[in-house]
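Here's the letter readout for the chains.
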Amino acid sequence: MIERDLVIVGGGPAGMAAAIAAHENGVEDILLLERDHCLGGILNQCIHTGFGIEYFKEVLTGPEYAHRFIEKIRSAPQIEVSLRSFVVRLEEDKRLFFIKPGVLENVKARALIMATGCREKTREMIHIAGTRPSGIFSAGLAQKLINIEGLLPGRKAVIAGSGDIGLIMARRFMLEGAEVKAVIEIQKETRGLLRNVVQCVEDFDIPVYFNHRISKIYGKERVEKISAVRVDGDFNDIPGAEIEFECDTVLISVGLIPENELIEMAGVRMDKKTNSPVSKELNRTSIPGLFVCGNSFKVYDIVDSVSRDSVIAGRLAAEYLRALR
Amino acid sequence: MIRKVTCIDCPKGCVLSVGVEGRKVVKITGNECPKGEEYAVSEIEDPTRILTSTVLAEGFSLRMVPVRTDRPIPKGDIKRAMKEIKRIRISEPVRIGDIIIEDFLRLGVDLIATRESR
Ligand SMILES: Cc1cc2nc3c(=O)[nH]c(=O)nc-3n(C[C@H](O)[C@H](O)[C@H](O)COP(=O)(O)OP(=O)(O)OC[C@H]3O[C@@H](n4cnc5c(N)ncnc54)[C@H](O)[C@@H]3O)c2cc1C
Ligand code: SF4
Numbered sequence: 001m002i003e004r005d006l007v008i009v010g011g012g013p014a015g016m017a018a019a020i021a022a023h024e025n026g027v028e029d030i031l032l033l034e035r036d037h038c039l040g041g042i043l044n045q046c047i048h049t050g051f052g053i054e055y056f057k058e059v060l061t062g063p064e065y066a067h068r069f070i071e072k073i074r075s076a077p078q079i080e081v082s083l084r085s086f087v088v089r090l091e092e093d094k095r096l097f098f099i100k101p102g103v104l105e106n107v108k109a110r111a112l113i114m115a116t117g118c119r120e121k122t123r124e125m126i127h128i129a130g131t132r133p134s135g136i137f138s139a140g141l142a143q144k145l146i147n148i149e150g151l152l153p154g155r156k157a158v159i160a161g162s163g164d165i166g167l168i169m170a171r172r173f174m175l176e177g178a179e180v181k182a183v184i185e186i187q188k189e190t191r192g193l194l195r196n197v198v199q200c201v202e203d204f205d206i207p208v209y210f211n212h213r214i215s216k217i218y219g220k221e222r223v224e225k226i227s228a229v230r231v232d233g234d235f236n237d238i239p240g241a242e243i244e245f246e247c248d249t250v251l252i253s254v255g256l257i258p259e260n261e262l263i264e265m266a267g268v269r270m271d272k273k274t275n276s277p278v279s280k281e282l283n284r285t286s287i288p289g290l291f292v293c294g295n296s297f298k299v300y301d302i303v304d305s306v307s308r309d310s311v312i313a314g315r316l317a318a319e320y321l322r323a324l325r
Numbered sequence: 326m327i328r329k330v331t332c333i334d335c336p337k338g339c340v341l342s343v344g345v346e347g348r349k350v351v352k353i354t355g356n357e358c359p360k361g362e363e364y365a366v367s368e369i370e371d372p373t374r375i376l377t378s379t380v381l382a383e384g385f386s387l388r389m390v391p392v393r394t395d396r397p398i399p400k401g402d403i404k405r406a407m408k409e410i411k412r413i414r415i416s417e418p419v420r421i422g423d424i425i426i427e428d429f430l431r432l433g434v435d436l437i438a439t440r441e442s443r
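Chains A and B supply the protein sequences, listed in that same order. When you line the first sequence up against the numbering used here, it's residues 1 to 325, in that order. When you line the second sequence up against the numbering used here, it's residues 326 to 443, in that order.
Ranges between beta-carbon positions, derived for each pair: (1) Lys-188(A) with Arg-443(B): 45 to 55 Å; (2) Thr-131(A) with Pro-359(B): 52 to 62 Å; (3) Gly-433(B) with Ala-129(A): 47 to 57 Å; (4) Lys-352(B) with Ala-129(A): 47 to 57 Å; (5) Gly-355(B) with Asp-301(A): 15 to 25 Å; (6) Arg-89(A) with Gly-355(B): 49 to 59 Å; (7) Asp-205(A) with Lys-411(B): 18 to 28 Å; (8) Asp-301(A) with Met-326(B): 25 to 35 Å; (9) Asp-428(B) with Phe-235(A): 47 to 57 Å; (10) Gly-422(B) with Gly-177(A): 23 to 33 Å; (11) Gly-338(B) with Lys-100(A): 38 to 48 Å; (12) Glu-417(B) with Glu-221(A): 38 to 48 Å; (13) Pro-207(A) with Arg-443(B): 39 to 49 Å; (14) Lys-411(B) with Ser-75(A): 34 to 44 Å.
Calculated from the structure, these hints are not laboratory results. This structure is a prediction, so every number in the text was calculated from the model and none was measured. C-beta: ideal position from N, C-alpha, C; glycine also.
The task is simple: from the sequences and hints, build the whole structure.
Right, here's the structure in full:
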């Protein structure tokens, strides 16, 4: 059985910052597992600016921000990067199983950092009535389709939720020549950053309906129409206040949840409500030597804070390994 | 006249009160740092944005190469700029910061790659 000092799962900003920090704190044997064919995580699809203002005192796009860390990892031979390596099983003693094209491998980690990020909440989690036609995407999936694959998922969109990803996608659709009919937000104010309201929605005169929720989706094969209803302070529908929008696409942007099935499998104590590990201290879990950082520890708004906090996970892992000797 | 402007230069998003006479800014309050002043003047007198998008590439690691203008361009030119971006094809490897088009649309800014494609 192969044993490694430190294994890190996830090559996004959190995993990369943790790897570099662990290396700088003296860990000499690091294996970084990433399921994608490149490092960078979600940043690769975030081609807009707004990253790095705190961490680098510069305004960068997501890929530029990621690149700074990728370069550092490339220059550290102690960090072995294994791409297209999808971790599918984790055991309590920190043994991992991962699939590489064609093979199932396993490795035991003396210390382990999980940096698997988060995933988007789906339509199922917010209960929208109606049919199930094609044309309903999570905002982040639409972002990937446009920015990575070069495919425009629709021509006339309505966006459910005013989170940052939804706002950013409203602008992206407009820039690509599609139409955004409305952003529909159940709360009385935006969930996203004000700057995104200004430069993504106001710049393009997209109407935002606060205190509204999508009540129904219509359409057989493809989305044809949605209706929205006004809600009161307790989110109850106000009857008679329905509006309809013709559209072929609905983007759902109603928040993120940490992706933590693996640590749950290993028996880490979990907070069921937030899907994150129960922890009194940043990045620690109920299993000694198993750390979690970045969006899988808690959902962060800006990546600069992810990088800052993930450095601490690298340091904790280094301390843990030193104490083992 | 007092206008409310949200500064977009950093995630704080300070809401600035801007005194405007004609098309000129005469007074700014509410900014937490000096960048806010610059932003308010530009936003009232000549609003600009950094444009980010993607360019179709052929034959290398990325199908879409993300790009941006290296400095902000006037808001009014964004539509025209997007049309132009859609026409561009990249057929060789690029590194971060490589200039895809120099003096883009004669606006005095360069269109640069923001991700490497090998
Ligand atoms: C769509 C979107 C837009 C955003 N826009 C902004 C913004 O404008 N400004 C800003 O500051 N922040 C933004 N953020 C937030 C910021 O990008 C995130 O906070 C940051 O990327 C989180 O980093 P991470 O490393 O924790 O997660 P991720 O970047 O998601 O990285 C997780 C990595 O783990 C890998 N992985 C997951 N599971 C496994 C497994 N089982 N085996 C192997 N590998 C695995 C994934 O492939 C991925 O590469 C945005 C986030 C999203 C989702
Ligand atoms: S004024 Fe300064 S601190 Fe406030 S949003 Fe603008 S750049 Fe940020």
